[in-house]
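A.B. asks: Protein sequence lines correspond, in order, to chains A and B. With numbering that gives the first Met the number 0, the residue at position 73 of the first sequence is 72, and numbering never jumps. With numbering that gives the first Met the number 0, the residue at position 261 of the second sequence is 260, and numbering never jumps.
Take every hint as true, because none was put in to throw you off.
Keeping only pairs whose Cα atoms sit at most 20 Å apart, straight-line, the calculated SDA-like set for lysine to any residue is:
1. B:LYS21 with A:GLU5
2. B:LYS413 with B:ILE393
3. B:LYS269 with B:GLU192
4. B:LYS269 with A:GLN27
5. B:LYS326 with B:VAL396
6. B:LYS412 with B:ASN444
7. B:LYS397 with B:ALA454
8. B:LYS268 with A:ARG22
9. A:LYS100 with B:GLU29
10. B:LYS21 with A:GLU13
11. A:LYS54 with B:ARG270
12. B:LYS302 with A:ILE62
13. B:LYS302 with B:LYS313
14. A:LYS90 with A:PHE71
15. B:LYS151 with B:GLU166
16. B:LYS353 with A:TYR10
17. B:LYS269 with A:TYR111
18. A:LYS65 with A:THR47
19. B:LYS269 with A:THR50
20. A:LYS54 with B:LYS302
21. B:LYS21 with A:TYR8
22. B:LYS412 with B:GLU391
23. B:LYS329 with B:LYS413
24. B:LYS196 with B:GLY227
25. B:LYS329 with B:ARG440
26. A:LYS100 with B:LYS16
27. A:LYS54 with B:THR203
28. B:LYS21 with A:THR96
29. A:LYS54 with B:GLY298
30. B:LYS269 with A:LEU106
31. A:LYS65 with B:ILE299
32. B:LYS329 with B:GLN375
33. B:LYS269 with A:GLU49
34. A:LYS65 with B:ASN284
35. A:LYS65 with B:ALA305
36. B:LYS412 with B:ARG395
37. B:LYS302 with B:TRP314
38. B:LYS269 with A:HIS109
39. B:LYS412 with B:ASN426
Hint data in this document are derived by calculation from the structure and do not stem from the laboratory. All values derive from a computational prediction rather than experimental measurement.
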Amino acid sequence: MEEKIEDLYGYVQERCLWQFFSRTWDRQENIDGVLGKAEQILSGQQPTNETPLEKLHYADAVIMVKDFRERFPWIRECGAAEVKQLMDGLKTRLVETVITKSTNRELSHHLY
Amino acid sequence: MPMVLLECDKDIPERRKHIYLKAPNEDSREFLPIANAATIPGTLSERGCAFCGAKLVIGGVLKDTIQMIHGPLGCAYDTWHTKRYPTDNGHFNMKYVWSTDMKESHVVFGGEKRLEQSIHEAFNEMPEIKRMIVYTTCPTALIGDDIKAVVKKVMKERPDVDIFTVECPGFAGVSQSKGHHVLNIGWINEKVETLEKEITSPYTMNFIGDFNIQGDTQLLQTYWDRLGIQVIAHFTGNGTYDDLRCMHQAQLNVVNCARSSGYIANELKKRYGIPRLDIDSWGFNYMAEGIRKICAFFGIEDKGEALIADEYAKWKPKLDWYKERLKGTKMAIWTGGPRLWHWTKSVEDDLGIKVVAMSSKFGHEEDFEKVIARGQEGTYYIDDGNELEFFEIIDRVKPDVIFTGPRVGELVKKLHIPYVNGHAYHNGPYMGFEGFVNLARDTYNAVYNPLAHLAGIDIRNEIPAQLPERIREAA
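With the rest of the complex left out, here is chain A (with noise of 0.2 Å):
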């Protein structure tokens, strides 16, 4: 688990912007919003995307998703529990690179 995790963490430094927005709230959201939605697609649910912040974590999650299948073809193998274990494990340590361990000094100003 740990091995896989760590295939999808190096994908996600390598491709995703979302994870370096400007500050720790941003930066929380898009990984908690994004994750989510890869989380109900990678389990076969069909995410709903009522406001324009959801629609935009899914148009995030779906790019992620297709390029998750394709570098990683045993994930496509991976029941609902499985892959929220993976996600879980995902979140915790972008959470830690990009946002508790980070030492950018800009991340917890109060204004942009």
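Since chain A is already given, all that's left is putting chain B on it; use the hints.
C.D. replies: Relative to the frame of chain A, chain B by itself:
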């Protein structure tokens, strides 16, 4: 691998915190260069000033707006024509330059009357133009000229004009980055939602952080037209003043240059709930991904796939021709900030180029988080690099081509290393599918041009009979 103290920096050891050499299994949690910090005394910075960041980068791009620079003449001249951002109305922004031409007497006795007179004169000379941005500069800020009061008076006298003020003198920040910030925040506070435009499509967006360098915006606009997406405002490539007043009407903010323009995207999200989508517009793979995301947002995926298929069919064979010949080329990127992370993977994936060193003039730590995540191991990541550091890094990494501005470009020419203009391009546009083929062509022409090699030969000595093998192969 710790941060790096170069030999040339031995007397300014603080520079160690600004230069990183990426090693295996490291990431930005452990080593993140300090950025957007004051230049260290003793280092010859390549940075520009805050006023330049507002005027040259963002405001001066607009195609229908007088750029009134309240200061000495040089502030106007030095931020004019050094970037090539054409427009579809005859390049109004590049044909004219305006200044209040402050002299000693105006500094001593105040420059407000001079400014008022200059604003009237400019509008009288160009009666078809009704929009203006007024900028303070270092001297007019120091003497306390109240440009907002002057502008308020003029707008009362001329009800058909609209004027925006940017109070961002050169000394306001550590680099031009401060000017981006001031203009972004000033615009959202004062001008957004002061006008409404007609909505002509069910799909609307702002395209933010693209300045139509050599036609980037105009090339990408052909994609949005084919997809049926109405661009409410281009911030600011080929853009108009009034379009920017309507930014609140868009459903989506698409951001390319997050450094110069991320602020306004963040504020549009906070104040109007318009979501922000960051994309990379340089590179085949990235451009296709950006189009797919935009289309997924609007639910028009089929249109996006058709566009991408058309563009790939037309341009991919040309790209591959260059890729075959550029594979293994070592590139250095010494530009402003975002192009480091926009380009490092796109040239690697699309052209087989290895980026061996990157330096940012005004990037923030966020930019280094992005580029360290994307960049290769064994590559140098430098904040606010100086000339001596550039020479030492060149010795260490031996690049085949350097993407940088003309000033640094002149330096590397002396070492007979080809450079490509990474700010204003050699022969762009460089964005989009066609644009990346242009970038590949200019890179190929730079790397294989025998002139850089020939210029390095001292003709007082015996002239070698042959050119290097690589250049002979291309000939």
